[in-house]
Amino acid sequence: MPKIVVTVLLLAITVLSIGMLTNVNMPLWRWGPIQAAIYGVAILVAGRPVWGRPSAALLLVLLAGICLFPFSTLLRLYGFVDLVALSYHIQEGVTADSLGVATKPMIVVASSLTFFALVVYHLGQIWHRPLSAAAVGTATLFLMNPLFGAAFDYFTVRAQPAHLTERITSPEIADVAAKPDIVIIYLEGLEQGYSDTEVFGEIYAPLRTLWPEATVFNNVRQVEGTGWSIAGMVASQCGLPLLPNGLNFRNMFVAQTEFITDHKCLGDILHERGYHSEYVVGGDAVFAGIRYFYGDHGFDRMTQLSDIEAAFPKEEVEAAFQDWVVDDQMVFDMARLRYLDARDAGGPIALVVETFGPHGPEHLLSRRCSETGKAELVGDMRPVVLCTAEDAVDFVRFVQQHDEGRDTVFVLLSDHLGHDPRLRSLMADQTRHNTAMIIAPDMSPQVVEKAGSMIDLFPTILEALGLATEDPRAGLGVSLLSDVPTLTEEFGVDGLNAQFRYDKSIRQAIWE
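Following this note's numbering, the numbering of the sequence shown begins with -15 at its first residue and continues without gaps.
Simulated from the structure, these hints should not be mistaken for lab results.
Restraint ranges, calculated between C-beta atoms of paired labels, are given here: (1) Lys298 - Asp246: 39 to 45 Å; (2) Ala123 - Arg366: 43 to 49 Å; (3) Glu242 - Gln414: 33 to 39 Å; (4) Pro11 - His147: 36 to 42 Å; (5) Trp13 - Ala412: 24 to 30 Å; (6) Lys298 - Arg352: 17 to 23 Å.
All C-beta atoms in this analysis are idealised placements derived from N, C-alpha and C, irrespective of residue type, glycine included.
Sequences are here, hints too, so could you generate the full structure?
In structure tokens:
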């Protein structure tokens, strides 16, 4: 009986190891201690039978682990096995910087492989079949190596290139006199899936109150290079995915001092038209290279944490501050002040506001919605989604009440899908869409079912501003109000992801 119990415990460790080697959403800090605890119990229950002279066949497990190591590290580093990035590192050499960036994923992979090898060794000793255990372990590591799937996709893209670089379009801007204000609100991780009342109740209800006056886009999918905050902003303002640039990827763009400066984005267009453009965020704008992106693309002012701390009483800031940001309540309070100042200065306004609340896996609940009267990090996304949605709608109404007759275009977007891993069990991937709605003076309220992604919001916003020409394209995006097929419609999400991941020329066209 102890032999069976120990075997089950060891196999449980194996399952966790495989999960961490193949699933980027399984963090070591959460599952590593569980592995260690199960391992300790298994060893205590088994006693001496789990120890013995190691078989030479374990060298095969070691060899398979060495082959797996770099590709599982890449998987955890980029979210997929980035063979283009691997090619970059082979050409440029592995530097201290690249090793520094990869340290955490390497630790996760090394820890998981160590537990896996220990399980193979102990099972061989318990059942007196070290060769069989080593053979099964070696085959398992070999078959689960993410290199094979990545290589298939890579060579498929190379064999059937979509020539997307030839489709990158500098937007044509209509020569019109009207210059409506524009307010863009990025609702951190507040995806449209939260509107499912059977799963989430009425937490999305505040945003639904805007639907009768809005154009609602029901089918904005998340594709590669658009799945985190700075990426969602770049996609919706430039029509391009934020793909890796050497060592710079995901939130590592803090070192990217020239941010896709060869491409014309929304801020550049508005700057040329005389807009005063501002960006408001509750954290430090240095994060992920945000300040470089907005600074390189026509924005006049960035209001960040230090500015907010200077604008409000110390005790109020302390109550709103949590971790490294202030709550959404204070972000919108600051946005009100900045809007009024910009309005009083005269001239057309572009105001971008970024929230944080329903980020995930922990969510930031604002003071007014917290029982303690202080901002809190909570595990349940429901009260946070409701609170942030209410604040966003209140801000829209505030601007409408204080615009002094100015025409204003409102754009409300989830910058990306929610990062809470529990959402995967609550919603199927194919039903998850970004929140995307536009309220504009010259747009009749409607529901648009056209399939697209965040890159298609750029030309759609230009159309809402009255700046579109007959060509509905900008960057790689296509206006969701046009009849021209989007890349998502042409290739599907998986096909488009493969092109973005493995077509080296796309990265070169974006960055070089």
